[in-house]
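Here the structure of chain S is known, so what remains is to put chain G in place on it, guided by the hints.
Residue numbers (this note's numbering), protein chains in the order written: chain S, 179 to 368; chain G, 12 to 95.
Some clues are possibly wrong.
In silico contact screen, one side only, chain S against chain G (beta carbon under 7 Å); selected entries [unchecked claim]: (1) G284; (2) L317; (3) V320; (4) N322; (5) R324; (6) K325; (7) H330; (8) T333.
Ranges between beta-carbon positions, derived for each pair [said to hold, decoys possible]: (9) S/R202 with G/G26: 42 to 48 Å; (10) G/P32 with S/W201: 49 to 55 Å; (11) S/W201 with G/S80: 43 to 49 Å; (12) S/Y268 with G/S80: 28 to 34 Å; (13) S/R192 with G/I63: 35 to 41 Å; (14) G/E34 with S/R280: 24 to 30 Å; (15) G/A33 with S/D213: 37 to 43 Å; (16) G/A87 with S/Q311: 32 to 38 Å; (17) G/E61 with S/C338: 22 to 28 Å.
Negatives, chain S to chain G, calculated, CB over 12 Å [unchecked claim]: (18) S186; (19) P209; (20) Y233; (21) T243; (22) P267; (23) S270; (24) S303; (25) F355; (26) R356; (27) W359; (28) R363.
The set of hints was computed from the structure by calculation and includes no laboratory data.
Ideal Cβ placement from N, Cα and C applies to all residues, glycine included.
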Amino acid sequence: MGVDALASVIESERFRLEPRGRWRAFRETYPWSQDSAFMSSYCGSGERRSPWKWYREMIRPNNRTKFAHAIIPRGETAPIGVHFAAIRPYRSCFLAIGVHDRAWWGKGVVQEVRGRIIDHILAHSDVERLYAQVVARNLPSVFNYRKFGFTHVGTLHRSCRDPATGEVHDMLIFEMFRDEWLARRERAGA
Amino acid sequence: MPDARLVMASGIIAGALGCRPAEVGADAAIGSLPQWDSIAHLSIVLAFEERIGRQLTADEIASLETVASFAALLPAENAETSAT
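So here's chain S without its partners, still in its complex pose (with noise of 0.2 Å):
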């Protein structure tokens, strides 16, 4: 399988995904780890990070099995958000995103972006099964998943707490086999 391919430029209808090598991603990543409200809903934790805790903490891409597509509309050149994906060894795919600009919240960019990018994974590596873990009232973020189709698969309760907040998250877990994502891509298609 082409893995190599994972980290090539890919193109959806509106944005150019853009792999970003580590530092890359980290520069243009730090300024919105310090958005607590952003970052409350991202991973739970609203907490100012230090720029040292935010490299420990961001997947960092090596883009050979951890990967950041920068999100970026076509004729622009600012990101607007990242698509983080890390291929285990165990054939299975952790994804993450992160819509950073507000002006693009509840116009379909996860659903756009993520679609092309499983399909990107699916098409260049033996991954065969796709997973997340999403704050549980991250809402829209759950609604993404539902949409594509992944199956709630656990909760992990009470499992992290906002330092910035004090409040205490659940946790959902998602996962997708790649022969239900094929079979939903095919019935769309049909």
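Quick look at chain G alone, frame taken from chain S:
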């Protein structure tokens, strides 16, 4: 005769989506209506939480996909009272 809770759930969803209840059929689900996007889903869940007077659990949130799954959140007696 349609289940009173389904009728009520359709009404709440339609209210959050800003459309007529008739447009939200009993078989409507996430993604079946163009207005039912991720932000609208947030409004729908909050509308149900307001109606039942409590915050939904994580497992309830994860189970919400169809009008029927939303209807299951409504207490039966409440729906009957409102439907009559």
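Hint check:
no. : hint                          : verdict
1   : G284                          : holds, 4 Å
2   : L317                          : holds, 4 Å
3   : V320                          : holds, 6 Å
4   : N322                          : holds, 6 Å
5   : R324                          : holds, 5 Å
6   : K325                          : holds, 5 Å
7   : H330                          : holds, 4 Å
8   : T333                          : holds, 5 Å
9   : S/R202 with G/G26: 42 to 48 Å : holds, 45 Å
10  : G/P32 with S/W201: 49 to 55 Å : holds, 53 Å
11  : S/W201 with G/S80: 43 to 49 Å : holds, 45 Å
12  : S/Y268 with G/S80: 28 to 34 Å : holds, 32 Å
13  : S/R192 with G/I63: 35 to 41 Å : holds, 38 Å
14  : G/E34 with S/R280: 24 to 30 Å : holds, 28 Å
15  : G/A33 with S/D213: 37 to 43 Å : holds, 41 Å
16  : G/A87 with S/Q311: 32 to 38 Å : holds, 34 Å
17  : G/E61 with S/C338: 22 to 28 Å : holds, 26 Å
18  : S186                          : holds, 28 Å
19  : P209                          : holds, 24 Å
20  : Y233                          : holds, 29 Å
21  : T243                          : holds, 28 Å
22  : P267                          : holds, 28 Å
23  : S270                          : holds, 20 Å
24  : S303                          : holds, 27 Å
25  : F355                          : holds, 18 Å
26  : R356                          : holds, 21 Å
27  : W359                          : holds, 15 Å
28  : R363                          : holds, 14 Å
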